[in-house]
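Listed below are the residues making up each chain.
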Amino acid sequence: MKKYWQLLLIAGIIVVTFTVHYIQVANAKGKDYDFTFEKISGDDKYIDSLMFKTSLQYGMVYNSLLISKDESSLIETVHNREIPLMFQKLIDEHKNFMRGKALIANNYFEDDTKLIYMKEPEEGWKVKAGDTYSYEVDILDKVKDEKTSFSIKSQLNNRYNWVFYSDITVVNNELKLIVKQVDNDGSEKMYQVIIDLKKQQLLSETLLEEAAIDEATRTSIEAYNSYSNLGHEKYHVYSISSFDMKSPELNLISSQFRAINMETNEIIDIQLPDGLEQKLQSIEVDDNYLVIAYSTKEGIVIYRYNIGQQRWLEPITASNTEKVLNPDLNSTTSLNGKLYVMTEVNNDFVLKIFDIQQGALLYEGKVINKNMKQKYYIHITDVYELESK
Amino acid sequence: MNHYIKLVNFEVKRFSKLYLSLIIAVVAAQIIGAIVTSSFYVSNAETTMVRDQMTVSDYILTYGAYSLQNFLFSEYFFLSVIFAAALLMIYVFFIWYRDWLGKSSVIYRLLMLPTARRNVYFAKLTTILLFVFGLTAMQIILLEVVNQITQRIVPDQLWMDESIIYIYSTELLDLLYPQSPLLFVFYYVIGITAVAVIFTSILFERSYHLKGIFLAFIYCVISVGIVMVPVIVQIITNYFYTNEIYLLVTGFSVLTTALAIYLADYLLKRKINV
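Chains X and P, in that order, are what the protein sequence lines are. Remember, my numbering sits 194 above the position in the first sequence when you count from 1. Remember, my numbering sits 12 above the position in the second sequence when you count from 1.
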């Protein structure tokens, strides 16, 4: 044994050092990422069944973290390639169907009986004016666990560089699709495409909006529906904004909000209250409501528009209980009639939960981590409701 | 088994002096680096604070506090790691060629030992792995030492203690000590495969000489091709999930290593004459 001392020494150092190192890393993961909620006002029950997906910047390290009332856990990634939680769920449930599919929420529709995926046309830059592309539809019958695929040629013969799907829904067996075509110069066209799922036929391709570019102005179309909602949404809300190309900061000239009723195909104009156009820090769509929020040093102001009734409700103002460091909203997100707003105060972050319809502040609390050794930034990227055990 | 351990011990002993010198060089470079970077930071901070009439907190706000990152991004750390890696890479070739090209042909004695010739191959492979893991283990200890040294040089107000996760998230350290078990296995299996393929290529050259260089080249291309099969399939079909790709590449690497061992065994038994 004595003559093997060098060999044993090297092997011993390797085993001990690596073991200690990985134990330290595991302990640090548990400690460093342990966030808790500290209530300021309201009722704790509003965070009881929630899971917040957050993005954490800690020095130069960026991590995704799941925080619930009882525990925080780091989302493990391989080479920073993270599978969003909603897709992980779909992959776990429908592994074969999900193979080879892009993880872009706008390309999916899901309800109780089916999961639909639409592949965006690739290499649009190769398409010349007069050529066209196809709508490729994959449908999974969740009840029978059967997959159907079909492809339908578009009748649009435009020159474009990219084609994006902004929203997919199904109404009475009709697949309704919001398609955005973008050309190399930045000009955009937005269409509503309707496909009969039973007959696998293209019913219509209607031009909804056109955003052109010239030397003086740049116009763009932006959609606001929740990215992570794969289910049916009655309204697709978007804006057409014009920017002054001659000003160095591309100042906003005008912004027109519209909502398309995906059930009736009717387009509703939404007029913003005076002055709100220049304060658009956060725009969320939750079911029947368009919610616009902005923050000042004094507090948060929330405007709510009932799309169905086509009227603005009384704005909500919630004053800050602590000095706000950054007057911009740190993050906002909405889920099932509630708006979740995060702001940065001193060394902490404050979460406020509002009831959108009632216009009431339900909960306010700090999101705290006492173990972090240096300044960190955290913002909510998604909210999930935990299934009751 | 006994013969194999004896052979490993023999190989370790043969390189131990050079290995120790390498460790001393790396330790010296990094300790000097720790002293230089932290002393430079302190003197620079003092000069700037006096010149610009700044408080410590103003200075930290403008220029940042000293942390282990200052050392990790310095050439002392980076070059010492590259130097050690390069030396070990050279040793992958040297471990075979010195047996043939040295004054007394050690390979003659090794291959005449009353044990399977493949044990010589396994012993050399194990030795390289031990040296690689030994150096990476030493680096973990060294970083703790560097941390202590810089903490003593830099005043508390200018020093920033960092989480182990943050420290080991830098690109180079993340490569050496992956935090995901999947990546740990992936990186080190790829490394073992690379060494095994190089060893077998050397044996091709030793078996067939000039023609062997050509055969070794072809063999290397085929080996890389085998390891890359899942990646090529993925590019064409986009069928696999990311984790599956890592697992498949790891699996194909194991296959490539098995092929390397089989070929090495064949060459050692049938083609290499001593």
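Careful: at least some of the hints might be erroneous.
[Said to hold, decoys possible] With a cut-off of at most 20 Å between alpha-carbon atoms, the simulated SDA-like pairs for lysine to any residue come out as follows:
#, chain 1, residue 1, chain 2, residue 2
1, P, Lys18, X, Gly206
2, X, Lys223, P, Asp186
3, X, Lys289, P, Tyr253
4, X, Lys564, P, Ile177
5, P, Lys223, P, Ile210
6, X, Lys289, P, Leu123
7, X, Lys225, P, Ile176
8, X, Lys569, P, Asp173
Source of the hints: derived by calculation from the structure; they are not laboratory data.
Hints and how they fare:
{"no.": "1", "hint": "P:Lys18 with X:Gly206", "result": "17 Å, holds"}
{"no.": "2", "hint": "X:Lys223 with P:Asp186", "result": "15 Å, holds"}
{"no.": "3", "hint": "X:Lys289 with P:Tyr253", "result": "10 Å, holds"}
{"no.": "4", "hint": "X:Lys564 with P:Ile177", "result": "16 Å, holds"}
{"no.": "5", "hint": "P:Lys223 with P:Ile210", "result": "16 Å, holds"}
{"no.": "6", "hint": "X:Lys289 with P:Leu123", "result": "52 Å, violated"}
{"no.": "7", "hint": "X:Lys225 with P:Ile176", "result": "11 Å, holds"}
{"no.": "8", "hint": "X:Lys569 with P:Asp173", "result": "12 Å, holds"}
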